[in-house]
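Engineer: Residue numbers (the working numbering), protein chains in the order written: chain B, 1 to 313; chain D, 314 to 626; chain F, 627 to 939.
To be clear, the hints were calculated from the coordinates, so they are not data collected in a lab. Treat the hints with care, as some may be off.
Mimicking EDC-like on lysine to aspartate or glutamate, the simulated pairs with C-alpha atoms at most 20 Å apart in a straight line are [to be verified]:
hint : chain 1 : residue 1 : chain 2 : residue 2
1    : F       : 835       : B       : 169
2    : D       : 608       : B       : 306
3    : D       : 615       : F       : 923
4    : F       : 794       : D       : 576
5    : D       : 379       : D       : 332
6    : F       : 794       : F       : 710
7    : F       : 692       : F       : 640
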Amino acid sequence: MQFPSPVAIQWFADFLGAELIGDKNGLATGINEIHKVEKGDLVFVDHPKYYDTCLQSAATFIIINKAVEVPAGKALLVVDQPFEAYLKIVRHFRPFEPATKPVSDTATIGAGTYLYPNVFVGHHVTIGSNCVIHPNVTIMDHCVIGNNVIIQAGTVIGSDAFYYNTKKDREVWYRKMESCGRVVIEDDVEIGAGCTIDRGVSHDTRIGKGTKMDNMIHIGHDTVTGKNCLFAAQVGIAGAVEIGNGVILWGQVGVSKTLTIGDNAIVLAQSGVPASLEGGKAYFGYPAEDALLKKKELVWIKRIPELWKKVMG
Amino acid sequence: MQFPSPVAIQWFADFLGAELIGDKNGLATGINEIHKVEKGDLVFVDHPKYYDTCLQSAATFIIINKAVEVPAGKALLVVDQPFEAYLKIVRHFRPFEPATKPVSDTATIGAGTYLYPNVFVGHHVTIGSNCVIHPNVTIMDHCVIGNNVIIQAGTVIGSDAFYYNTKKDREVWYRKMESCGRVVIEDDVEIGAGCTIDRGVSHDTRIGKGTKMDNMIHIGHDTVTGKNCLFAAQVGIAGAVEIGNGVILWGQVGVSKTLTIGDNAIVLAQSGVPASLEGGKAYFGYPAEDALLKKKELVWIKRIPELWKKVMG
Amino acid sequence: MQFPSPVAIQWFADFLGAELIGDKNGLATGINEIHKVEKGDLVFVDHPKYYDTCLQSAATFIIINKAVEVPAGKALLVVDQPFEAYLKIVRHFRPFEPATKPVSDTATIGAGTYLYPNVFVGHHVTIGSNCVIHPNVTIMDHCVIGNNVIIQAGTVIGSDAFYYNTKKDREVWYRKMESCGRVVIEDDVEIGAGCTIDRGVSHDTRIGKGTKMDNMIHIGHDTVTGKNCLFAAQVGIAGAVEIGNGVILWGQVGVSKTLTIGDNAIVLAQSGVPASLEGGKAYFGYPAEDALLKKKELVWIKRIPELWKKVMG
Chain B
1 MQFPSPVAIQ WFADFLGAEL IGDKNGLATG INEIHKVEKG DLVFVDHPKY YDTCLQSAAT
61 FIIINKAVEV PAGKALLVVD QPFEAYLKIV RHFRPFEPAT KPVSDTATIG AGTYLYPNVF
121 VGHHVTIGSN CVIHPNVTIM DHCVIGNNVI IQAGTVIGSD AFYYNTKKDR EVWYRKMESC
181 GRVVIEDDVE IGAGCTIDRG VSHDTRIGKG TKMDNMIHIG HDTVTGKNCL FAAQVGIAGA
241 VEIGNGVILW GQVGVSKTLT IGDNAIVLAQ SGVPASLEGG KAYFGYPAED ALLKKKELVW
301 IKRIPELWKK VMG
Chain D
314 MQFPSPVAIQ WFADFLGAEL IGDKNGLATG INEIHKVEKG DLVFVDHPKY YDTCLQSAAT
374 FIIINKAVEV PAGKALLVVD QPFEAYLKIV RHFRPFEPAT KPVSDTATIG AGTYLYPNVF
434 VGHHVTIGSN CVIHPNVTIM DHCVIGNNVI IQAGTVIGSD AFYYNTKKDR EVWYRKMESC
494 GRVVIEDDVE IGAGCTIDRG VSHDTRIGKG TKMDNMIHIG HDTVTGKNCL FAAQVGIAGA
554 VEIGNGVILW GQVGVSKTLT IGDNAIVLAQ SGVPASLEGG KAYFGYPAED ALLKKKELVW
614 IKRIPELWKK VMG
Chain F
627 MQFPSPVAIQ WFADFLGAEL IGDKNGLATG INEIHKVEKG DLVFVDHPKY YDTCLQSAAT
687 FIIINKAVEV PAGKALLVVD QPFEAYLKIV RHFRPFEPAT KPVSDTATIG AGTYLYPNVF
747 VGHHVTIGSN CVIHPNVTIM DHCVIGNNVI IQAGTVIGSD AFYYNTKKDR EVWYRKMESC
807 GRVVIEDDVE IGAGCTIDRG VSHDTRIGKG TKMDNMIHIG HDTVTGKNCL FAAQVGIAGA
867 VEIGNGVILW GQVGVSKTLT IGDNAIVLAQ SGVPASLEGG KAYFGYPAED ALLKKKELVW
927 IKRIPELWKK VMG
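Okay, chain B solo, but in the shape it has when bound (with noise of 0.2 Å):
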């Protein structure tokens, strides 16, 4: 999340009641999750194992709950709890605004956009020109659809990130780290009935140009998708995907979190994608490899039995 206007790092540490360790002048940008961060942002560390990756990182504020060394240019805020400080922040900067109505008075609607009735329309949504919006379709506060967009029935667009704080030494294991990213659909994107796209975390949730979505596809927070990908029904991807151009992916097809597909890839129905996938190529199986080598596989397993009577007689 940007913030509306750089914001004093001494205005924090205020809030926060953190101690500033550092340079002390600097103004914040934004505040993002560790995956998602660029120079100017807040970050929020709270485990030793994940300091050293926090301070490196392109963050130039840290709220972290140890006074370590800082690196040149950047600043501490040492507080008790970080998780907590990041909940704090996020709440302010995206106050929890009932909605009054389904369709929000503070959405933008472009012309020849048709809402059928049903629909919810969250705070400061924009939707393009010449879209046409299902019935019961819900779009949540800040997301971003461009224009020629249609999206089917019953499809949700900005649901929260799956995505917690765990420790398992108190009673509910855990704790929500709420949301503060958006969904952005990009011109010329449609989506089947069904559907699920959560928000970022604290960036965006992007689908591509163009791109085509059938009925009851899941897509994670952060996730990235690039133009003219085809998505058949069912699929499933994690969170933090990158996913390139042109990309097809058939029915059921998982994929796991934090990683990439490149442009043209194309994995085979109910298909597993665990590790990133080089692009030009089409994969099948779990775990997803070149098609026509695993699907000698399948062949090769039924020769078993020809092998073992020979072998064992």
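Put chains D and F on the given structure of chain B with help from the hints.
Structural biologist: Chains D and F in isolation, oriented as in the chain B frame:
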């Protein structure tokens, strides 16, 4: 799609600005895509690879981008952009009708049928008697629901086909084949929550009498199921599939497009069906094969280490 | 289902026109299907194959289609059609109550709970305090939601069980076992968008305290999950499953019916669980087995060609 009444082919030539070659006095009764054409239909073709298939199909009138030889008793409508001509005809006979209320006044709803709040029922929908339609269900224009049908919450009937005209030499590769078909749900069908059933591209998607579907099932365009089928949760069936009577698909089964499954076939959970299956047998795995044989493969895989030890020492 | 207060078994005999055999003075406290019966319950059985199971079950009153020997302290209600008798009782104690508005006046909603627009809340629903119910959510009659619960858009709580009485000698093979159970969501549970949670046939489906569910998850009737579970997107769990505390199911996992998964088990993505799993271990594949062993099988498959070459020359 059948036209309300037969239309002179000369009218289409004028409407499209097409050159009419062959029998100029014919009457067109409908328009369909190539998988579903019948005598009297218009069909379109824009790639030489498919010219023959279309010219030799049941269709009487071929919208085509080249003046080829006309088969006896047929006529050609020659235009530069056959796909655009198809869209123009579909939009003329199925013009977009904005919904003015959640349940259209043009819908017909039978005696004893109960609609929960937050249901959407589009124009020209027919719902039979003694049905229960749960909250947040969407039934799009022109769909037909029989008697004694239950549709549970959040389900979408009549979403558009996932069917595109593809050309990779333009900025947006995929252009929607606008659907003018319907979904027809026969008597005594029950559909779970969160399902999506796509309408036919130009024909009907049909769910046979007495079929019961669990939650989150996807049925593609133009798919036809028989009577008394049972589909468990999260099954996905692609487009133009023909499923017999009494077929059972267990949870998360995926069925590929344009294939046939025979009467009383059973497909075990999570299997993938890439090719047609004979009736009366149980199937398992990917590709779905005789369940007993396929389960034996799992046992054979476990014997490889023993074989290895014997052979490799 | 428990009755509001105990009911004389003689009343049921009169209500059903049944022959009452055995102790005629008993009081029935509820009615349940065979997987969930308790002392004081009615149960029904219509196939000789299951007579013994029902007669020996915890149920005190057996609705049956034959006058068999009565176990000590029990009674039989003999009728021609036990299934019809079951339906008659369920409909008497859980009569269909049409909804007159999107949020029923008979629902109880706690302090600090926020309902977005387009939510449906049925009769006799209880929602605790500090919950957030997103747009287009459906909560059907009699369900119970705890405190601090988040339910994201389009999710359905309390859809009917997918549970049928099957007879293939009639025109419609499957007849719905009408559900009279509930869904109970405990405190601090979070449920993603587009999920469906079926009510119990006659008992409760229950999601344990602190459990977090991603999008598009299906939970079958009478399934009970422990505390602090984590279910990733597109997981499907069939009916009457018992899941322990701290269980993690990754994306697209499928779990078959009436089995048990022990505390802190982890099932990796896309795995299928056809049989019970011990707690404290990681599982993978179909059938889900020890993850390390199962992943080794993938390596062994790749060695078949080498083995073949060695053996076959």
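Engineer: For every hint, state whether the structure bears it out.
Structural biologist: Outcome of the hint check:
no.	hint	result
1	835/F x 169/B	holds, 15 Å
2	608/D x 306/B	holds, 17 Å
3	615/D x 923/F	holds, 7 Å
4	794/F x 576/D	holds, 14 Å
5	379/D x 332/D	holds, 10 Å
6	794/F x 710/F	holds, 17 Å
7	692/F x 640/F	holds, 18 Å
Violated hints: none; the structure is consistent with every hint.
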